[in-house]
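Participant: Chains A and B, in that order, are what the protein sequence lines are.
With UniProt numbering, letter number 10 in the first sequence gets 10, and the count goes up by one each step, no holes.
With UniProt numbering, letter number 49 in the second sequence gets 49, and the count goes up by one each step, no holes.
Derived by calculation from the structure, the hints in this document are not laboratory data.
Glycine included, every Cβ here is placed at the ideal spot set by N, Cα and C.
Any given hint could turn out to be false.
[To be verified] Taking lysine-lysine and the DSS-like style, the derived pairs with C-alpha atoms no more than 27 Å apart in a straight line are:
#1 B:132 - A:290
#2 B:165 - A:322
#3 A:199 - B:132
#4 B:165 - A:223
#5 A:322 - B:132
[Unchecked claim] Here are some chain A residues pointing at chain B (derived, C-beta under 8 Å):
#6 276
#7 278
#8 279
#9 282
#10 283
#11 284
#12 287
#13 326
#14 327
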Amino acid sequence: MAVISYIDAITMAMREEMRRDSNVFVLGEDVGVRGGVFRATVGLIDEFGEARVIDTPLAESAIVGVGIGAAAYGMRPIAEIQFADFIMPAVNQIVSEAAKMRYRSNNDWTCPITIRAPYGGGVHGALYHSQSVEAMFTNVPGLKVVAPSTPYDAKGLLKAAIRDEDPVLFFEHKRCYRLIKGEVPETDYTVPIGKADVKREGSDITVISYGLALHFCLQAAEKLAQEGISAHVLDLRTLYPLDKEAIAEAASKTGKVLIVHEDNKEGGVGGEVAAIIAEKCLFDLDAPIKRLCGPDVPAMPYSPPMEKFFMLNPDKVYEAMKELAHF
Amino acid sequence: MATKVLMPQLGESVTEGTISKWLVKVGDTVNKYDPLAEVSTDKVNAEVPSTVAGRVTEIVVPEGETVAIGTLILYIEETGAEEGGESTPSAPEQTSAAAVTQQATTPATAPTASVQADVKAVPSQPAQGGDKPRYSPAVMHLAQQHGIDLSRVTGSGMGGRVTRKDVQAIIDAGGQAPAIATAPAQTSDTAAPQVTRETAVSASTASSSVEAATAPGDQIIPISSVRRTIANRLVQSKHEAPHAWTMVEVDVTNLVNFRNQAKDEFKRKEGLNLTFLPFFIKAVVESLKEYPMINSTWAGDKIIVKKDINISIAVATEDALYVPVIKDADQKSILGIAKSVDDLAARTRAGKLTMDDMSGGTFTVNNTGSFGSVQSMPIINSPQAAILSVEAIVKRPVVIDDMIAIRSMVNLCMSLDHRVLDGLICGRFLQSVKQRLESIGPDTKLY
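Okay, chain A solo, but in the shape it has when bound (with noise of 0.2 Å):
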């Protein structure tokens, strides 16, 4: 099995999609001649043609609703929206057309599109090219909303993303592109959307994560394994509907849970996390449910210490870690 990045990963599953099936086509800023600002698309304009992969307009809105009305058509579109940051002109479309359609024709029609979107800091970007926006999404019933964390879940989840017969945004950390590497399989598989993942296996405390600082949290569960403290780590994948089952097992476990996202922490999902532990696994709980965020600071500062400030690290998650552990 080829051992390759999670952007990778991401183009393969676009391409083995639109082999598959002749209605899947991408749009978006650069998705064609460039092949994407990230390359996730490189290759693709080649192989497919310009009426499959369509350079757009610098204008959310019409991707996205181009993309609803192709879906509406019986179309699969893939929809690239540039930095998840540029979503906001596009929010009316996603959350009163996309999301609404099935509900307000009462199952006649369907929107079947797919919502890439680069998000998350550690990359220098600044304001505008670091943003954690999913939390905005995640209570929009007729969404889905899923954000894998490894290479062979971004393949996976997005094979399975295309194939839904309802709108899926997809959230791609855009710092794991070229840093987080894994063994992806060149066969059709998909990752179903809703299930969460336990991504190591332990007994004294539970973490749960998803994005980029889910290896945040594998790298220093890895460092307290050797001080002896066993962590349980549970990678959502999907944000919404977020897989309650296993959020609860996971809780249950070890009744010590530590809910780690690079988005702010006010009104993110791991809010919504800790309320559903809260409702299932009170008499399992051995601790206070923690959260460790990014801080409700406006945007990513551009300055290099302040942006060091604002992003979780290993060094910090193991911190939090370790002091639950200790509860």
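Once you've looked at the hints, dock chain B against the given chain A.
Facilitator: Then chain B, alone, in the frame of chain A:
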């Protein structure tokens, strides 16, 4: 503008209070927080502090009178109210209301006097979080499910917190490590909620060792869990049960003679040494039958008189004290008791006591005479109501029918929980034991 002082709420369930004594008289000047009166209720006696500074203008309720909570008891003319008082009549009331609020938050023992009827001045309990153990839901849940006494669990978490893993480890190991007599099951049978709280307090008392200085060369012995349990339980007993103590001396010359004459044959037939202890236990058991009240337990709001007579016997090992139980001792002969004692003592020393061996005791007999003691003040094996120690049998000159004789004498010492028992019944009980022991002779049946 006079401020009204009302009968304060002296505890949540209290509805009325008696002015036992006025500490001020009309015309006296009082400062804020000065005591105004002594008030007694069926729950507490307390002083009523002044909520304002001023001069007492009228005492409404005379001494000795019982009035409902919230009744006007006296008027105080506030200092400083005269100056601007008339133009702003509501000002003093606001001041006094503020005073109430302020006072309610001070951890003073004196309860708050409420000034306005709608201000419910329930004295707020000062948070004593510091040394009270707090348990997580998981720990509480597991402890309840498996009958684990958390006050006996040593925590490995931050600040000694008992963690879920600590409790799980005990469960995985097959339950709580036995240390002294009472099983957790029995504790939960009898302990009232308030007792549980006190347990927690005493547990922390025992564990918070005195800041002792160590000098070079001193040996430091870490406390084993058994030792800690012993400490906790004894502190708990001393703390909860008001101990009273009494002693009788018994002439056991006949018993000594009888035992000397019977022991060789007994040893040959039964393979057991015939010691004195079974005779004492037998006499105690028969007297317990006669005075069942001694065989009881304080349970907070009631006294439980136990039907079964299960005698705990104290067995010391080199570094710990165990109290295994002779079950249904009232159904056993002297031989039966001797066998039980021998078996329990052997298994204690071999470290093979089971939880069942340690539980269910209703009265304790302590053989302090075995190490030569002639007098002792045992600590009650909680939640039992009394403990009796049998001291060493010594030959002493005693007066019989105005003649001096050399007799074998023994002291029986008894500590009793004075909440349950009084001197009278214990005296009768001891006289009963004494008579039984003194009437042992050739006719006494061993089997």
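Participant: State the violated hints by number, sorted upward, taking the hints as numbered earlier in the document.
Facilitator: Of the numbered hints given earlier, those the structure breaks are 3, 6, 7 and 8, listed in rising order.
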